[in-house]
Amino acid sequence: MKKGLLGFIIAMLLLSVVGCSSSSTSGQEKKKDAKEDKKSITITFGLTPWSSTVPPTKVASLILKDMGYTVKEMNADAGSVYTGLSRGDIDVFMDSWIPAHTPYLDKYKDSIEDTAVSYKDAATGWVVPKYLKDINSIADLKGKESEFKNEMYSIEVGTSAQKTIDEMIKAYGLNLKQVNSSEAAMLAEAMRKMAKNEPVIFFGWRPHTMFNKFDIKVLKDDKNFVPASDVHVITNKKLKETAPDAYKFLSNWSIPIDDVEEMIAKIENKEDAEKVAQEWIKNNQDKVKEMTGK
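So the sequence shown is numbered by the numbering used here: it starts at 179 and just counts up by one.
There may be inaccurate statements among the hints.
[Stated by the list, open to error] Ranges of calculated distance between the beta carbons of each label pair, as one might list FRET restraints:
id, residue 1, residue 2, range
1, Asp423, Ala317, 31 to 39 Å
2, Asn375, Lys243, 42 to 50 Å
3, Met369, Lys472, 39 to 47 Å
4, Glu419, Tyr309, 54 to 62 Å
Worth flagging that the hints you see were computed from the coordinates, not collected in a lab. Positions of the beta carbon are idealized from the N, C-alpha and C atoms, including for glycine.
Please take these sequences and the hints and turn them into a complete structure.
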């Protein structure tokens with residue numbers, strides 16, 4: 179009788195251990211299956227040719243990959259990024275400048291949404307070298323346009339900046355022509371002129387290393403065409419349904435502007451952008467956990 183009871187107890191203990199092991203294995207398999215399911219979901223980021231777009235995009239992409247998603251990037255100008263967002267070809271844009279990009283949000287409001295504020299108070303405006311001591315506001319340019327060869331250098335055609343700058347030239351009554359090119363080409367021309375201590379006006383914004391590299395100042399805009407911007411995360415509205423935890427992470431997203439500027443500087447110094455982003459993630463684990471809800 180005692181032997182029978184002892185055998186029963188041992189058998190029950192063995193079943194209990196096997197059950198716990200099975201339950202643990204089952205839990206691990208469920209997590210693995212969930213991650214495998216996410217791999218079938220591709221999240222596409224819009225990537226403009228601006229240096230400010232790269233660090234937040236790389237950081238968010240790596241976090242989403244770690245969550246199990248397949249991630250892609252689509253390079254395009256700002257207008258095309260918003261068109262892609264509205265069509266569902268692009269799921270996320272990490273570099274929406276508000277209020278400059280508000281017209282895009284209004285135009286595509288049925289299919290895209292303002293999901294999070296990445297960082298606030300990003301200075302934007304017309305920039306000149308500090309050695310131009312008598313030029314401190316846009317109004318100061320009146321009558322001195324020829325000193326600048328009647329040119330104001332800016333970023334690519336089709337951006338909201340292009341339209342705003344044309345409006346500013348008209349509103350201030352300036353005899354200037356906006357010269358549009360890529361960010362890199364604009365800065366190369368500005369650097370060429372500043373190396374000779376020549377007058378030059380160009381478009382500037384933070385976060386950007388130009389304010390660390392060059393001795394420059396933002397001109398006062400008395401008509402308030404370009405107030406300080408807040409940079410937002412924009413998503414296609416369907417993302418909330420197709421990838422709810424990815425959407426939750428993006429809705430919790432924020433990053434200090436100083437961190438973005440630091441990463442831009444490293445990338446411009448030829449460090450690999452993905453490694454720079456991975457380093458930020460490693461050094462900001464509490465922030466990452468807060469955003470992912472883990």
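Structure-based check of each hint:
In this structure the hint that Asp423 and Ala317 lie 31 to 39 Å apart at CB is violated, the actual value being about 51 Å. At about 47 Å, the CB distance of Asn375 to Lys243 agrees with the hint of 42 to 50 Å. For the pair Met369 and Lys472, the beta carbons lie near 44 Å from each other, so the given range of 39 to 47 Å is met. Between Glu419 and Tyr309 the beta carbon distance is about 55 Å. The supplied range of 54 to 62 Å therefore holds.
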